[in-house]
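Participant: Each chain, letter by letter, is given below.
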Amino acid sequence: MLCSLGLLSANARQPGRIDPLGHVFLEVMAPFQRLTAGVGGMMRGLLDRYVLLVGTQAENEELRARIRDLERRGTNQNEMELMNRRLKRLLALERELPTKAVAASVTARDASVWFQSLTLNKGEVDGIRTGMPVLAPEGVVGLISSASPHASRVLLLTDPNSGIDVLVQRTRVRGILSGLLEQGTTLKYVKRSDDVRVGDRVVASGLDGVYPKGLPVGRVTRVSRKDRGLFLYAEVAPDADASRLEEVLVAVPSGEELRRPAMLPSAADAGPPDPASLGLLGPPPPAHEGRR
Amino acid sequence: MSLLQTSSAPAPSIGAEVRATGIYVLTATVALLLQTTVLHGLTGGRIIPDLILILCVYLGLYEHNIGGATGAFLLGYLLDSFSGSLVGLHAFAMTTVYLVVYLVSRRLWMDNTLSGVAMVFLGSLLKGVAIVVALAAYLSVDRLSFGVAQTLFAEALLAAALTPVVFGGLGWAKRLTGAS
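In order, the protein sequence lines correspond to chains A and B.
Each residue of the first sequence is one higher than the last, beginning at 72 in the numbering used here.
Each residue of the second sequence is one higher than the last, beginning at 30 in the numbering used here.
Mixed in with the good hints there might be a few duds.
Stated by the list, open to error - Distance ranges between label pairs, derived from CB positions: (1) Q240/A x L132/B: 46 to 56 Å; (2) G117/B x R243/A: 31 to 41 Å; (3) G117/B x R263/A: 32 to 42 Å; (4) L71/B x L278/A: 19 to 29 Å; (5) K262/A x T50/B: 54 to 64 Å; (6) W138/B x R143/A: 51 to 61 Å; (7) K297/A x V158/B: 24 to 34 Å.
Hints listed in this document are in silico derivations from the structure and should not be mistaken for laboratory results.
C-beta: ideal position from N, C-alpha, C; glycine also.
If we strip away everything but chain A, and leave its shape as in the complex, we get:
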């Protein structure tokens, strides 16, 4: 006690001057302090990198899931936007048709490379019957070749068994448009002296009683007149590309004579789309209620 009091008194007068063991203690303890600090740092690092990593991993998983969800939502939104546009055009066509119409989705395509047909998700229950015309905003697609209660098959105008009575719009020349075994369609029974040129628009004549008159069918892409023969040979590229079709309209005759449809309006003129009313998103609508 006396020593401590003496030390205290001496250092009170001149602080730090009398400290015989202070440096020794400092020197001896320094390595241990560094070691302790190092081990502490390691422990903290261990804690941060491994023990707390469980939480980070969970957070990482959560963030990844959120990214996946956002990406999925983005894709869905794009898909919905595209479907919206297609349905808008389909709706515009439906409004201009002189008959009722049933919207349907394409569920399958032809099983063979030699023929051209589609399978639709609507059938007799929805009012679809064999022989009804199938249309797209771009033009004529084909006709119903067979129908079951909940599905139907469309014979495309590019099928070799197909035949449509058509007019060359510019010159009113009549012919029969038929599919080829290889891809494409040809205009049959047109006299070689008739005026048909590449680029001419071909429309439905309405004389076959199936397709409304004036509906666009395609454009002439090739004309050839041989030295012999009564008829010319003309190839026509259909306006409606069946390989890209996802939704179509099946025109349901109401019993009255088919009237000529007005000019098809652009998609911008059409009202807001209602996919559910077309039966493409929700449950199928009741039979014969495709038209509002």
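Following the hints, position chain B against chain A.
Facilitator: Frame of chain A, contents of chain B only:
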């Protein structure tokens, strides 16, 4: 390839026949689903591998009984229901292919993959020709161009290329279920 088949396999049991029929039905269903949906997307619809024809050739090679012939007809009829509009066209083509493969396999040794590939290739060509001939007989088919022959050939090559997979899968399924 000129060896005559002299040995005859023992008749399979009814259970084995039922299991084999189940495998054929399942294979035909999957093949049709693929041909009408997925394969269109993969090939753009220009050339579709005819999996059902491969199954028909398999029947011609390994099912020498009334069941095999009926199966070939039904495969064609199934195809008719999902292709074209002339019902009976594919049934005719498939039955023709079955008959020819059956007759060839009765006279030549046809028990390896290579001969199966060759038979599928020829069967595919035969089916295409049978379809064109039938179409020409029942409908007016004019202007058959070189494009038709190209498509025929490409389709036959594609079918031949897929033959080892289909034959292998069928053999495996039959061994697995004890149907062989």
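Participant: Taking the hints in turn, state whether each one holds.
Facilitator: Here's how the hints hold up against the structure:
1. Q240/A x L132/B: 46 to 56 Å: holds (55 Å)
2. G117/B x R243/A: 31 to 41 Å: holds (39 Å)
3. G117/B x R263/A: 32 to 42 Å: Distance hint for G117/B, R263/A holds at roughly 36 Å.
4. L71/B x L278/A: 19 to 29 Å: For L278/A against L71/B, whose Cβ atoms are near 40 Å apart, the range 19 to 29 Å is violated.
5. K262/A x T50/B: 54 to 64 Å: Once the Cβ atoms are compared, 57 Å apart, the range 54 to 64 Å for T50/B and K262/A holds.
6. W138/B x R143/A: 51 to 61 Å: holds (55 Å)
7. K297/A x V158/B: 24 to 34 Å: With Cβ atoms ~27 Å apart, the hint holds.
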